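K.L.:
Sequence:
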Amino acid sequence: MTRWLDTGTVRGKLMSMSVVTTLVALVIASVAMMAFDLGTFRNYWIRDLSAQADIMARVTAPALTFNDASAARQNLAVLRVRPQILAGAVYTSSGTLFATYAANPDDLQVPARPPQQGYSIKRGELVVTQRIVENGELIGTVYLRSRYGLIDRMLNYGGILVAVMLVALLIASLTARRMQSWITRPLNSMTEVARQVMQRRDFSLRVPGESGEIGVLVDAFNDMLAEVGRRSDALQQANRTLEHEMQVRERAEDALRSADRRKDEFLATLAHELRNPLAPIRTGLDILRLRSGDAASTQRATDIMERQLRQMVRLVDDLLDVSRINTGKLAIKMGRVELKAVVNDALEVVRPFIELHGHELIIELPDRPVFLHGDATRLAQILSNLLNNAAKYTDRGGRVTLAAHVEENALVVEVSDTGIGLAPDMLDQVFEMFVQVDSRLERSNAGLGVGLSLARRLVELHGGSIAAHSEGLGRGSRFTVRLPIVVEPEPLTKPTPASFISAETYRILLADDNVDFVNSIGALLSAMGHSVVITHNGPDALTAASRFCPDYAFLDIGLPQMSGYDLARGIRGLPCGTLTILIAVTGWGQEKDRQLAFEAGFDHHMVKPVRFEQIEEILGNRAIVEKRRK
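In terms of the working numbering, the sequence shown opens at residue 79 and continues consecutively.
Source of the hints: derived by calculation from the structure; they are not laboratory data. Hints are not guaranteed to be accurate.
To be verified - Derived DSS-like pairs: lysine-lysine, alpha-carbon spacing no greater than 27 Å straight-line:
1. Lys-200 <-> Lys-411
2. Lys-670 <-> Lys-686
3. Lys-411 <-> Lys-686
Said to hold, decoys possible - Between beta-carbon pairs, the in silico distance windows are:
4. Val-326 <-> Gln-274: 34 to 42 Å
5. Glu-426 <-> Thr-656: 33 to 41 Å
6. Arg-625 <-> Asp-445: 52 to 60 Å
7. Ala-147 <-> Gln-277: 46 to 54 Å
8. Pro-286 <-> Leu-101: 18 to 26 Å
Quick caveat: nothing in here was measured; it's all calculated off a predicted structure. For each residue, glycine too, the CB sits at the ideal point set by N, CA and C.
Based on the provided sequences and hints, a complete structural model is requested.
P.N.:
If you want it as structure tokens, here you go:
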């Protein structure tokens, strides 16, 4: 080696120049790459830990707001997936320590007060402090402390560079004698690539390949560029992933805020809608109490209370139906039904409400009968919800139209009005739960925002579709329902003649601890000529049944001393119990309650409040009684 580097000869000078040039080029490239890598490494750790602190600040803000230290500790515990993070802490706005985390619980070292916001590097550790600000107000501080292996990285990277340089120098010195003419060209290429990489930060650049030992140096240099490029790409990918996660988190927060706002609006509206009927009901009770002898006043008060009671029952039924649909427990009794019958049922429900608002109601139906395969009650509920919605959002004296026609094998029903209309952005949102088209205080009977959502779900359960249309605010709206029709309908069953109702008198047992309710029903049944026995608890009802042998027994479920289920089983065990028609009368209307009633031996299940027409309908069904007697 000494002989080769003898500068007294041209060969030695060329060798010295080659070796020195190679050494200088390698040192410059290595220093530049190490400086760049260390700078990149430092910036990466600062950005990464700062991003982690910012995420922790966002997820911990609700815990600070609601003073939930447990939730804050759970949020900090997520840091266990980052073993480089040694400790973390959350401080309140006053600087008090709120929650802590340590990778090693035995080595929990966090300052008692939060440091100044920013970052610092001390003794091989990186510390980041991030303020938690919400709505422009400081609510706390996040503190994170992580390992910062800069020295280890310098030693490892320096060792690699030194090894590469030694190998390159050794190879250069061994091959310089035969390849002196090839030395300057690769070195110049490497120097040029290094310069372009530093200027353009384009890590895809490579030094052209060489053969022989000099190619090893070129390959090593290219490998270093590739490694740095991979790390740069990984850092950029991490940044993009973090940005995407932040966007997803922001959208989730917006959705939560929107859901919370809708919840608050719904609860306020529910309270308003339930209080509205209570006021006239209470007034009606005062009229009955103060003017009990005035028949006209009594009738007027009764009409008011009945109308308001129907409104409350409608609200509760809508909420129960929504709950049943969401839990998959809504029972749809499919059968062949005729369109006009469905429309008549719907009009019976909403006509008083439409007339109360002074609207003009227009009905346009096909001349020939149109049959559907569905649940008559639910189909009528769809139309009544749409008509009720049209009347509600139309100013007094407007026009509400229900028109239907057949297109191929589908029935198209359109409910239109001359009301407030819909904005374009509301055409889809109007079918979402608890959405109010117009929530102004001056508009009465705003509803709960579940009618249209319930109508859409019921239409979909019948295999149809519903859409909203409007030409803009103040220009009315139109809701179009499409349902499949039955092409070849079966003949309708001939209705039972009205003369059969109350044609016979029956022995009827009433058992309910609501004295006013059971006495009033008993008085009406007695006036129709039936033999009625009234009891107010389970044992008395069972005793009366054994002596009375009733044809019908209307039993409350929540009876004192014995439940309605046990009472039904007891009556079925009597000698004449098999001939008795048992009807459960209860305030529980879920599908599981109906199932329990039928399992206990009941023939019918009625949900309070019960209309007398429902009782008359059961009494008028003679087929059930005859079947029992046989």
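K.L.:
Could you check the structure against the hints above and give me the numbers of any it violates, in ascending order?
P.N.:
1
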